[in-house]
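Each chain, written out:
There are 2 protein chains.
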Amino acid sequence: MPERVSANGSLEELGRRSVAASRLVALASTSQKNLALSRAAELLLERQGDVLAANRADVARAESAGAGATVIDRLRLGEARLESMCDGLRTVASLPDPVGEVVEGYVRPNGLRVERLRVPLGVVGIIYENRPNVTADAAALCLKAGNSALLRGSSGAIQSNKAVAAALRDGAVSAGLPGDAVLLVEDTRHETAEQFVQLRGTIDCLIPRGGKALIDMILERATVPFVLDGDGNCHVYVDVAADLDMAERIIVNAKTQRPSVCNAMESLVVHSAVAGSFLPRIAARLHSAGVALVGDDRARSLAPEIGVATADDFAREYLDLKASVAVVDDLDGAIDHITCYGSGHSEAIVTADLLAAERFVREVDAAAVLVNASTRFVDGGELGLGAEVGISTQKLHARGPMGLRALTSVKYVVHGQGQVRQ
Amino acid sequence: MPERVSANGSLEELGRRSVAASRLVALASTSQKNLALSRAAELLLERQGDVLAANRADVARAESAGAGATVIDRLRLGEARLESMCDGLRTVASLPDPVGEVVEGYVRPNGLRVERLRVPLGVVGIIYENRPNVTADAAALCLKAGNSALLRGSSGAIQSNKAVAAALRDGAVSAGLPGDAVLLVEDTRHETAEQFVQLRGTIDCLIPRGGKALIDMILERATVPFVLDGDGNCHVYVDVAADLDMAERIIVNAKTQRPSVCNAMESLVVHSAVAGSFLPRIAARLHSAGVALVGDDRARSLAPEIGVATADDFAREYLDLKASVAVVDDLDGAIDHITCYGSGHSEAIVTADLLAAERFVREVDAAAVLVNASTRFVDGGELGLGAEVGISTQKLHARGPMGLRALTSVKYVVHGQGQVRQ
Chain A
325 MPERVSANGS LEELGRRSVA ASRLVALAST SQKNLALSRA AELLLERQGD
375 VLAANRADVA RAESAGAGAT VIDRLRLGEA RLESMCDGLR TVASLPDPVG
425 EVVEGYVRPN GLRVERLRVP LGVVGIIYEN RPNVTADAAA LCLKAGNSAL
475 LRGSSGAIQS NKAVAAALRD GAVSAGLPGD AVLLVEDTRH ETAEQFVQLR
525 GTIDCLIPRG GKALIDMILE RATVPFVLDG DGNCHVYVDV AADLDMAERI
575 IVNAKTQRPS VCNAMESLVV HSAVAGSFLP RIAARLHSAG VALVGDDRAR
625 SLAPEIGVAT ADDFAREYLD LKASVAVVDD LDGAIDHITC YGSGHSEAIV
675 TADLLAAERF VREVDAAAVL VNASTRFVDG GELGLGAEVG ISTQKLHARG
725 PMGLRALTSV KYVVHGQGQV RQ
Chain B
325 MPERVSANGS LEELGRRSVA ASRLVALAST SQKNLALSRA AELLLERQGD
375 VLAANRADVA RAESAGAGAT VIDRLRLGEA RLESMCDGLR TVASLPDPVG
425 EVVEGYVRPN GLRVERLRVP LGVVGIIYEN RPNVTADAAA LCLKAGNSAL
475 LRGSSGAIQS NKAVAAALRD GAVSAGLPGD AVLLVEDTRH ETAEQFVQLR
525 GTIDCLIPRG GKALIDMILE RATVPFVLDG DGNCHVYVDV AADLDMAERI
575 IVNAKTQRPS VCNAMESLVV HSAVAGSFLP RIAARLHSAG VALVGDDRAR
625 SLAPEIGVAT ADDFAREYLD LKASVAVVDD LDGAIDHITC YGSGHSEAIV
675 TADLLAAERF VREVDAAAVL VNASTRFVDG GELGLGAEVG ISTQKLHARG
725 PMGLRALTSV KYVVHGQGQV RQ
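In the order they appear, the protein sequences are chains A and B.
Note that the numbering used here has the first sequence beginning at 325, numbered continuously upward.
Note that the numbering used here has the second sequence beginning at 325, numbered continuously upward.
Source of the hints: derived by calculation from the structure; they are not laboratory data.
Any given hint could be a false lead.
In this list, chains with the same sequence are indistinguishable; a pair is considered to hold if it fits within one copy or across any two.
Said to hold, decoys possible - List of simulated lysine to any residue pairs, SDA-like, C-alpha gap at most 25 Å: (1) K646 to T526; (2) K536 to L369; (3) K536 to A613; (4) K646 to G742; (5) K646 to V744; (6) K536 to T547; (7) K536 to L351; (8) K646 to R745; (9) K646 to E510; (10) K646 to D567; (11) K646 to Q746; (12) K646 to A404; (13) K646 to G412; (14) K646 to A635.
Please take these sequences and the hints and turn them into a complete structure.
See the structure below:
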């Protein structure tokens, strides 16, 4: 029976163990990795009592520290959430293995055979806040992509994280992989987080899962390479040639179906030629769905439900039943508004005009651009990636929903027959 | 007649101009971009007298400041180098345009059509040392990939850089593109370099072209995303199953054909079973080619030309007619040695043993792994990329020689018919 609790040591020592494990995980077969994940799911269910007890201890501590309802909700596990965590592990096991994919291959005039091969990154560092499900989700994706996961969760979820990480470690061991393929840093002091993001030479890729304070700390301190999962100030633009019924369905869905997530609509932009007929209707509809609206003068003159917006409001990611509204004269105005206030996440146009759609797709600079569809589709599952480790709003390495491929690199392999350079 | 000299202002102002230009360059047609590059080549030749005079002024300043021969050589332009700079511009014009490539496309079960489209990065910042050819090479690649180039060269090459950048700006203007597509920061103070790497929100990708001091400054200070072009401590491993004549040709080529570049061999690793016959021969051959060798005890016992190596010597990038030599017991020993001392650039094996080659390819973690070929082939031109902006030794975004694609990002484009999320 392998140890349940990851022994812990200095950050440097944990880093060395993670690197050593990564060398073995990189060479593991797909079957081995899948077995590790399905065994981890079984172990989590077998140990359900212990895992939930550990989580209750974290929740009790948070409650007695006066944490808010949102924090408690993110932290709390129950049977249903544990089951869904296990489903997540099995889903990742069922996804195609990205490692070994030949991304490109060709022969040079001198006979050299060149291939670009998809390979693991090595050690993926995940730094995250009080969400124990990230421990399982992120570790599973790292492992499936042939990496070891070096996890640094927060103090508030430490007991839950230890219990979940132990199941993943034991799953790895039972599949013949090193337990250190999943390694939780149990030292949750703030200074350890800063040291964590400076483990250059150990962490090949850092993925933060958290809010602005965490991102700012990383921009300030990190020396390891990272991929940022940034804000989503997502717009829906209703063009003059929009089907207004479709626009209403898309807007209501994008704003209200799950307002707390990054791909929810935060800003509505309406062409002035349809604003007179459309804005009163959509404002009333959103108002009745509990959405508070603020807008510019033209928008407010058309719908009494719309309050006064400041420039800050147009740039805000509300993550709530709130939205800003702007009226623009034409497509150029819409693109300018989005360029000025958008966060480069997901931007949608509703239109039946092919040229307007083409210009919007070409000229709006964002991770995802949608034509006649809800911004809520910008998600790893919805776009067919199977699972996601986050949604990148940066332009390097990965952009948009990040699935298994975002957790890999590529290596040139050159086969010769003795060629030398002239 | 457009202005020859780029007007200059504060870094923030230059950044804003570069961003504004990037929006237009991103939408430029391939023909426009190609015209801009071929016009720039024509202008450089038309202005040859002025460009070379500007360069002579830089060289004179460097000489009176007592700069070494290498620095002067890198700085100096002549008719041949200017011609080769122009050839480079025409080569980039002849390459396929990466922008607009559909990287992937599929339809989801709900009818959403998803495409991943290759798009420009936006503003690419290049920070570099005294090599005026980088001004033309890097700017051309940025422009062809639909980006604006924000260039920060060093004070030592400022007159040359201004003259070269002016030709590129004027070439852009004569093709109907903004001159600011190529913008040289003329303020060459050290503190400006630090501000440059902190232009977050302006520079979408920073590519440094320089030595360790520059890289360290970037790791310490940069807040913009960057791609590092790191050291190359490249190994050639001679396996027990190597064709020793082939091994000799490859080693001599990899070490001596151009010792000053990052893909030259710096370390030789030999299987003990062939070391007795091979090491005396290759050591004599390298010695006669002027190569100074240092090695471990086993290597030294076999060849009198080999001096004593310290552990530091095995990790060193000599960039000179020097190399380290190690004898290992088997393939595992070779892989361990490379894992311990390599810099993740280019690693070669010489062997006729298929299984040894497969293990080497799989287990050596480097940007490029070569079987029976010289490490000198790890170069954008040799691998068919047409031109390169550097060789990345990092694992995120781009790894190995970076061509035009490394200067692009990818955008999700989702076409629906009114779909909303359930």
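Quick rundown of the hints versus the structure:
Within a single copy, K646 and T526 get their C-alpha atoms no closer than 42 Å, and across copies no closer than 29 Å, so neither meets the 25 Å cut-off. Proximity of K536 to L369 under the C-alpha cut-off of 25 Å is found in neither arrangement, the shortest distances being 34 Å within a copy and 51 Å between copies. For the homomeric pair K536 and A613, neither the shortest alpha-carbon distance inside one copy (29 Å) nor that between copies (58 Å) is at most 25 Å. For the identical chains of this complex, K646 and G742 are inter-copy neighbours only, at 23 Å across copies versus 66 Å inside a copy, given an alpha-carbon limit of 25 Å.
Taking the closest pair of Cα atoms, K646 and V744 come within 25 Å of each other only across two copies (19 Å); inside a single copy the shortest separation is 65 Å, beyond that limit. Taking the closest pair of Cα atoms, K536 and T547 come within 25 Å of each other both inside a single copy (18 Å) and across two copies (15 Å). In this assembly of identical chains, K536 and L351 lie within 25 Å of each other by CA distance neither inside one copy nor across copies; the values are 36 Å within and 32 Å between. In this assembly of identical chains, the alpha carbons of K646 and R745 lie at most 25 Å apart only when taken from different copies (19 Å versus 63 Å within one copy).
For the homomeric pair K646 and E510, neither the shortest alpha-carbon distance inside one copy (38 Å) nor that between copies (46 Å) is at most 25 Å. Only within a single protomer do K646 and D567 lie at most 25 Å apart by alpha-carbon distance; the minimum there is 24 Å, versus 71 Å between protomers. In this homomeric assembly, K646 and Q746 come within 25 Å of each other (Cα to Cα) only across copies, at 20 Å, whereas the closest approach inside a single copy is 65 Å. For the identical chains of this complex, K646 and A404 are neighbours neither inside a copy (30 Å) nor across copies (64 Å), given an alpha-carbon limit of 25 Å.
In this assembly of identical chains, K646 and G412 lie within 25 Å of each other by CA distance neither inside one copy nor across copies; the values are 31 Å within and 53 Å between. Proximity of K646 and A635 under a CA criterion of 25 Å is satisfied intra-copy only: 15 Å inside one chain copy versus 62 Å between copies.
Consistency with the previously given hints fails for numbers 1, 2, 3, 7, 9, 12, 13, ordered from lowest to highest.
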